[in-house]
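Novice: Under the working numbering, the first residue of the sequence shown is numbered 392, with each subsequent residue one higher.
Keep in mind that the hints were calculated from the coordinates and are not lab data. Hints are supplied without guarantee of correctness; some may be wrong.
[Unchecked claim] Distance condition first, Cα-Cα at most 20 Å in a straight line; then the derived EDC-like pairs of lysine to aspartate or glutamate:
#, residue 1, residue 2
1, Lys913, Glu420
2, Lys1014, Asp1033
3, Lys514, Asp542
4, Lys1026, Glu991
5, Lys936, Glu991
6, Lys1026, Asp1016
7, Lys397, Glu448
8, Lys1014, Glu987
9, Lys1026, Asp979
10, Lys1014, Glu1025
11, Lys966, Glu737
12, Lys1026, Asp1036
13, Lys775, Asp459
14, Lys781, Glu737
15, Lys696, Asp706
16, Lys775, Asp512
17, Lys966, Glu938
18, Lys397, Glu420
19, Lys936, Glu987
20, Lys966, Glu987
21, Lys966, Asp945
22, Lys1026, Glu737
23, Lys778, Glu737
24, Lys913, Asp945
25, Lys397, Asp512
26, Lys966, Asp1036
27, Lys1026, Glu1015
28, Lys1014, Asp1036
29, Lys696, Glu686
30, Lys913, Asp902
31, Lys1014, Asp979
32, Lys1026, Asp706
[Claimed, not checked] Label-pair ranges, simulated between beta-carbon atoms:
#, residue 1, residue 2, range
33, Arg952, Ala651, 54 to 64 Å
34, Phe474, Asp979, 35 to 45 Å
35, Leu463, Asp902, 39 to 49 Å
36, Glu737, Tyr1013, 43 to 53 Å
37, Leu756, Ser909, 51 to 61 Å
38, Glu737, Leu637, 35 to 45 Å
39, Ala651, Ala1029, 41 to 51 Å
40, Arg450, Lys781, 31 to 41 Å
Where a beta carbon is used, it is the ideal one built from N, C-alpha and C, also for glycine.
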Amino acid sequence: MSWPKKAIEISFILLLILVPLIFLPFTSELFEFNKMIVVYLLAVLIAAFWISRMILENRLIFRRTALDLPVLIFLISQSLSYFFSIDPRTSLLGYYSRFNGGLASLLSYALLYWAAVSNLDRKSSLNLLSWSVGLAGVVAGWGFLEHFGIDDPMWVQDVAHRVFSTLGQPNWLAAYLVALIFIPISMILSSGSKIQSAKSILLFSFTLLLFITLLFTKSRSGLLAFGVSSAVFWGYILLRHFQTHLKFLLSLNLVFIIIAISIRNPVQDIVFSRQPALPSASAPVQPALESGGTESGAIRQIVWKGAIDIWRASDKNFWLGAGPETFAMAYYNHRPVEHNYTSEWELLYNKAHNEFLNFLATTGLIGLGSYILLLLAMAWVFIKQLKIVKLDNTLEIGHWKLVIPALCAGWLSLSVTNYWGFSVVITQIFLFLFPALALTLTTNPATHSALPATTSNSRLFSIMLLFLPALYLSYSILRYWTADIKYASGQNNFRAFILTQDLAYIVKAYDDLASAYSLNHKDPPIASEFSTAAAYMSLLSYDSKPETARQLADLSQSLSRQAVAASPYHPNYLKSRGRSLLLLAVYDTSYYPQVEATLEQAARVSPTDPRIPQMQALVARYKEDYPTARRYLEKALALKPDFADALASMSEIATLSATPESP
């Protein structure tokens, strides 16, 4: 075996170990951001090793498969949508804090698919799956302990009530567990369904651990996916091996039922519990199932309505959507007013919470059609591989045959969970890799051309040259990651300043954000946060250093203009610019017209957001234009009648209007 091929296999193992496992507390998003960085780094390495292998073996190494054309059509549709996107930066790299789903990530997943089918064989694929099952046991084990409070002090969420382990969210953990749970079952079945050997006992323990942790997530979509996929998996197994595996099927599922009944109210909590539709105005702004707010299904219906409205908005949106991963921007322009009556009215929705509607809104009918075509092609690949296992009696007997229906069931579960949510990094990897592994399992290892006894200097030089762009790409990815660390530190110091009013924190925040901006000046979140910090520094410097204050004010304006120009349809950057300008208006009232113009633009971008007219009323109140302030507050209350801030401001305006002017 050539060293590049071995390096590719090791890289895939690292991919399926590190992506589920990694999360870091010092980045702006603990989970998905770091997982996406790992994917980018390993995709670069795998591509470099793959090309190195072709150089060493002096041949093109690319296996043609039935998925080549569907994957290519899917990528073309996403690229077309990207070129007409309302926010190209976001469409390329993904929404900042989600990251998965941008064109760069989709290209990486496609590369991983082609690299897997072209470089992995049956042995390496089985080894990869064994590592995946072992790692799933670790992730599930942590989730199991999490239910009993092992890391409760680390999180503001009630993590013991709904565990999320190293995945970051209960539904994401559930999707991960369901996708893998059938693999250890298939390995047990290959031994004749007898729990005798140490390996079978370990696999059976892993299966139970994954199921228990799935219950602890209290994920309705996860349990539904488990039910659907179980029917497919066991249906196939019993159709082929009814007498051999019926006893094990009944025994295992009886154990599942006993566990489900023994665990306190799992089905009742997940399926039947409902919360009041309209929480009080003082309800904490957290996801519904964690905070007891509006039931998540009711919120999904509102968001889905907004997604369909985005798709219908124009001919361009109808065919190509608003652009990959631009749901957050597009949704605000079509956000149903009913969203204001939920407990999550001020949370930013950057996904449609339905993968199919998300594609429809962001990439249009062409994008959704290509995605469905890709899924149908993947399903056809699984059907063909199952037929090969059934018909080809020349293939050696081994547990890999039953792994294929396990992969099929796990792959199918992804679309079920995605229907009620959205893909994340690890589930998107599974979506592309499971069909690839099924293809490698049903193909006997090919006889490769012998490697030359010695490698020529020209080939070695070619490989060295190849790794130069790979190193540059890796450096760029790590620079992007380092910028985010500085950005997160700046955010934390800024929050500390707001809470304590300790000036040392705002200085630290400014320095951190300046460093982040120097490393990554293209992403609007960094520029926007830096703008706010500069505005505060300007305000604090004005009395002692007016010239410095002016320079900081100019910097703040430039940064906020840049953020808005890069993402003109995102109301948060407009609101952030409005706040920065309002700070500067404390010592220079000439900024008021810019504040008003910015908030007017924000109101056009997000016409149903009550926070914007409330901010406009605040500006009018500072200008002592009480009739205008009242009109804006009335507009805010028309959008959200229980808006506490607007009600308080209305009362204050009434008092000020009734107070006679001093002589």
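Novice: Next step is simple, just say for each hint if it's right about the structure.
Specialist: To see whether the hints hold, each was checked on the structure:
In summary, the hint linking Lys913 to Glu420 is supported, as the alpha carbons are separated by about 18 Å, within the 20 Å threshold. Simply put, Lys1014 and Asp1033 have alpha-carbon atoms about 26 Å apart, too far for the 20 Å limit, and the pair is violated. The straight-line distance between the Cα atoms of Lys514 and Asp542 is roughly 38 Å, outside the 20 Å bound, and the hint therefore fails. With a C-alpha separation of about 13 Å, the suggested pair Lys1026 and Glu991 falls inside the 20 Å cut-off, and the hint holds.
Proximity of Lys936 to Glu991 is assessed by CA-CA distance (about 32 Å); at most 20 Å being required, the pair is judged violated. A hinted pair counts as satisfied when its Cα atoms are at most 20 Å apart, and Lys1026 with Asp1016 qualifies at roughly 16 Å. For the suggested pair Lys397 and Glu448, the alpha carbons sit about 14 Å apart, so the restraint of at most 20 Å is met. Proximity of Lys1014 to Glu987 is assessed by CA-CA distance (about 11 Å); at most 20 Å being required, the pair is judged to hold.
Annotation: proposed proximity of Lys1026 to Asp979 is violated, straight-line Cα distance about 28 Å (limit 20 Å). Of the pairs offered as hints, the one joining Lys1014 and Glu1025 holds, with about 18 Å between alpha carbons and a cut-off of 20 Å not exceeded. Only pairs whose Cα atoms come within 20 Å are accepted, and Lys966 paired with Glu737 is accepted, the gap being roughly 13 Å. Our distance criterion of 20 Å between C-alpha atoms is met by Lys1026 and Asp1036, whose separation comes to about 13 Å.
A threshold of 20 Å between alpha carbons decides the hint, and for Lys775 with Asp459 the separation of about 15 Å falls inside it, so the pair holds. Note on Lys781 and Glu737: the hinted pairing is violated, with a Cα-Cα distance of about 54 Å set against a maximum of 20 Å. In summary, the hint linking Lys696 to Asp706 is supported, as the alpha carbons are separated by about 18 Å, within the 20 Å threshold. Restraint check: the Cα-Cα separation between Lys775 and Asp512 comes to about 18 Å, which is no more than 20 Å; the hinted pair holds.
Using a Cα cut-off of 20 Å, the hinted pair Lys966 and Glu938 is violated, with the two alpha carbons roughly 27 Å apart. Between Lys397 and Glu420, the direct Cα distance comes to roughly 33 Å. Violation of the 20 Å bound is thereby established for this hinted pair. As the CA atoms of Lys936 and Glu987 are separated by approximately 27 Å, the hinted pair breaks the 20 Å bound. Restraint check for Lys966 and Glu987: the C-alpha separation of about 11 Å stays at or below 20 Å, so the hint holds.
Using a Cα cut-off of 20 Å, the hinted pair Lys966 and Asp945 holds, with the two alpha carbons roughly 18 Å apart. With a C-alpha separation of about 17 Å, the suggested pair Lys1026 and Glu737 falls inside the 20 Å cut-off, and the hint holds. Simply put, Lys778 and Glu737 have alpha-carbon atoms about 51 Å apart, too far for the 20 Å limit, and the pair is violated. Straight-line distance between C-alpha atoms of Lys913 and Asp945 comes to about 18 Å, which keeps the hinted pair within the 20 Å bound.
A threshold of 20 Å between alpha carbons decides the hint, and for Lys397 with Asp512 the separation of about 11 Å falls inside it, so the pair holds. A C-alpha spacing of about 16 Å is found between Lys966 and Asp1036, which places the hinted pair at or below 20 Å, so the restraint holds. At most 20 Å may separate the alpha-carbon atoms for a hinted pair to count; Lys1026 and Glu1015 meet this at roughly 18 Å. For a cut-off of 20 Å, the pair hint linking Lys1014 to Asp1036 stands: about 19 Å separates their Cα positions.
Using a Cα cut-off of 20 Å, the hinted pair Lys696 and Glu686 holds, with the two alpha carbons roughly 16 Å apart. For the hint linking Lys913 to Asp902, the alpha-carbon distance of about 18 Å falls within 20 Å, and the restraint holds. Straight-line distance between C-alpha atoms of Lys1014 and Asp979 comes to about 12 Å, which keeps the hinted pair within the 20 Å bound. Between Lys1026 and Asp706 the CA atoms are separated by roughly 31 Å; this puts the pair beyond 20 Å, and the hint is violated.
Roughly 56 Å separates the CB atoms of Arg952 and Ala651, a value that falls within the hinted 54 to 64 Å. Distance hint check for Phe474 and Asp979: the Cβ-Cβ separation is about 41 Å, which falls inside the suggested range of 35 to 45 Å. Distance hint check: the CB atoms of Leu463 and Asp902 are about 46 Å apart, consistent with the given range 39 to 49 Å. Here the CB-CB span from Glu737 to Tyr1013 is close to 23 Å, at odds with the stated 43 to 53 Å.
With their beta carbons about 42 Å apart, Leu756 and Ser909 fall outside the hinted range of 51 to 61 Å. Taking the beta carbon of each, Glu737 and Leu637 are about 53 Å apart, not inside 35 to 45 Å as hinted. In this structure the supplied range 41 to 51 Å holds for Ala651 paired with Ala1029, their Cβ-Cβ distance being about 47 Å. Hint check: Arg450 to Lys781, Cβ distance near 33 Å, so the stated range 31 to 41 Å holds.
The structure fails hints 2, 3, 5, 9, 14, 17, 18, 19, 23, 32, 36, 37, 38 (numbered hints given earlier, in ascending order).
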